[in-house]
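> Each chain, written out:
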Amino acid sequence: MWREFATVVRREYLKWARVPIWVGSYFIIPFVYLLLFGQAFNLDRLFPAGAGNAGLHTALLGAPDYFSYFTAGMIGFVILTASLYAGTGVLFDKQLGIQSRMSASPAPRSALFAGSLVFRSMMAMWPAFLAIAFGLVFDRIPGLVGLDVNGSVSALGVAEIVLAAFLLSVMFTALFLAFGYALDKNESYFGLTSLLNLPILFTSNAMFPQSTMPSWLQTIAAYNPVSLAVNVVRENLFATVGYAYGPGEYLLGLALWAGLLIAVALGVAARELRAK
Amino acid sequence: MSETIAAEALGKRFTGGVDAVRDVTLTVREAEIYGFLGPNGAGKTTTTSMLTTLLRPTHGRAEVAGFDVGERPEAVRRRIGLVFQRSTADADLTGRENLEIAAGLCGISRAQARPRIRDLLDRMDLTEAADRYVRTYSGGMQRRLEVAVGTIHEPEVLFLDEPTLGLDPQGRAGFWRYIRDLRARDHVTIFLTTHYLDEADQLCDRLSVIDHGSLVASGVPSELKDRLGGDTIEVTSTDGPTDLTDVLRAVPGITSVARAGPVYRLKCHRGETLVSKIALAIHPSGAEVTSVVVRKPSLDEVFLELTGRAYREEGDTNGGAREPARASRRAG
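Sequences listed follow chains A and B, in order.
Following this note's numbering, the numbering of the first sequence begins with 20 at its first residue and continues without gaps.
Following this note's numbering, the numbering of the second sequence begins with -4 at its first residue and continues without gaps.
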């Protein structure tokens, strides 16, 4: 079981490492999002703190400025983007007949699934940390706005952030892997993922404070896994006020989401890899 | 057990009620090269997929290497190797890496795999190309790598699905050598589906022909050919009005004569000894003979006889002339 699992991880790694654009895009995405989008889309400049705009700054729940708030939200944004293509490998393997070779091999089906899940979630996770790193670097560059950490970050806090990023990566990777297993056509896959991408993001608090949303959207945002992960990050980085729960509770929510989506994906993969 | 594959009334009905395979019964003995022939859509791949655990039979049963394919698929998978029609190697990986991955998926440790990979690369003449990306391989090299991948875990049975499709004649002959070597050295039982009847003739100890999901014949290639009743001589005469049927029938050794326009098909044994006699017999009539062709029975003809249609698209006009309606079914 372990050897077969490690073999699938190695295959995924070799395939990934040989495509420079793929590797490069994982570095570039968080950088570009923060540099271009983050610098331009700066609500602090549009609505400076002070009379009339107090509501916005209260809604940031203790984050020192909008860019810092946004950078923490970037974790959810980047992980979602990076995991969006997790199922393409399965889809192409199916089309190339490689899936049949894997199905005909004595490797346990769970190892085939788990190998892809683990490698692809790791790949989806680290661009999120790059986003934080870039935010911190930007903070030191004159002329750029950056991530200003005004909370006291403990080792436990760092562990909580890593765990939140991990759980979010695993659940999205599982979801998109399930699409890869379930669908046969590239068009269906890309159609479905692009259909889901922005709605998942916009029903979360990654970019906009939850309290500024209409109440029905607030309800959705409260349960959106992106919000849960971002809450864990913000509660640890900033001197926050007004969160309904602590990081532990949000992590529990994320774990439930991850468990659910992994179970669904495993079911879909098992059905697909089984003899019909 | 001397029977490595045993299928009993094996069948597959797909959802929608299509019977892709019905009632296939066959046995393949240990270390035998067994050919499985049939036109497109006859049920070859469906049968192979059931024997290799990729599809579940809807009726009947099959044992491969001593295990039931439906009840113990993982035990079967451990003992079989597959060579698919298309290359299933990762083009972005080297030949060696592909073999390492294949070994890992079979649970073989790196230390155990290393000498095995070296040996297979050597036997398949891929040692020099081992560390090149597979996308740079020729068609023949990819086929050989596929065999190496399929045999990495030293399977008892190797299933080859149209392994030489798209290879040139030289490449095919070379490939047969590797297959024979595999059987001779490793005692592997080989189940081969093919489109090429000469391949089955050259390579297989026994074979069966499947058509419309059912077996229509099984046996040793020479036996199947003998059933056709010996050689055929085709005599073409341009002198239409003169009927040479009686003249030809009178030649000693000719057992039957059938005429289709200017072409006479004669049945006989050892046809090559009758050519001069036929020419001498026709001469007095004054008819002009434009060609005399002696044809040894081939599996193509066996196939024509069994299914009423030509095996290949081109050439055999007899298939069309006999049963045009059936011949057209191939196109579908």
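Bear in mind the hints are in silico, worked out from the structure with no lab data behind them.
The structure presented is a predicted model; accordingly, all values stated were derived computationally and were not measured.
A couple of the hints might just be wrong.
What the hints assert, rightly or not - If you want a taste of the chain A side facing chain B, the calculated C-beta under 10 angstroms gives, among others:
| # | residue |
| --- | --- |
| 1 | T26 |
| 2 | V38 |
| 3 | L131 |
From the three backbone atoms N, C-alpha and C, an ideal C-beta is built for every residue, glycine too.
> Starting from the hint list further up, note which numbers the structure goes against and sort them upward.
none
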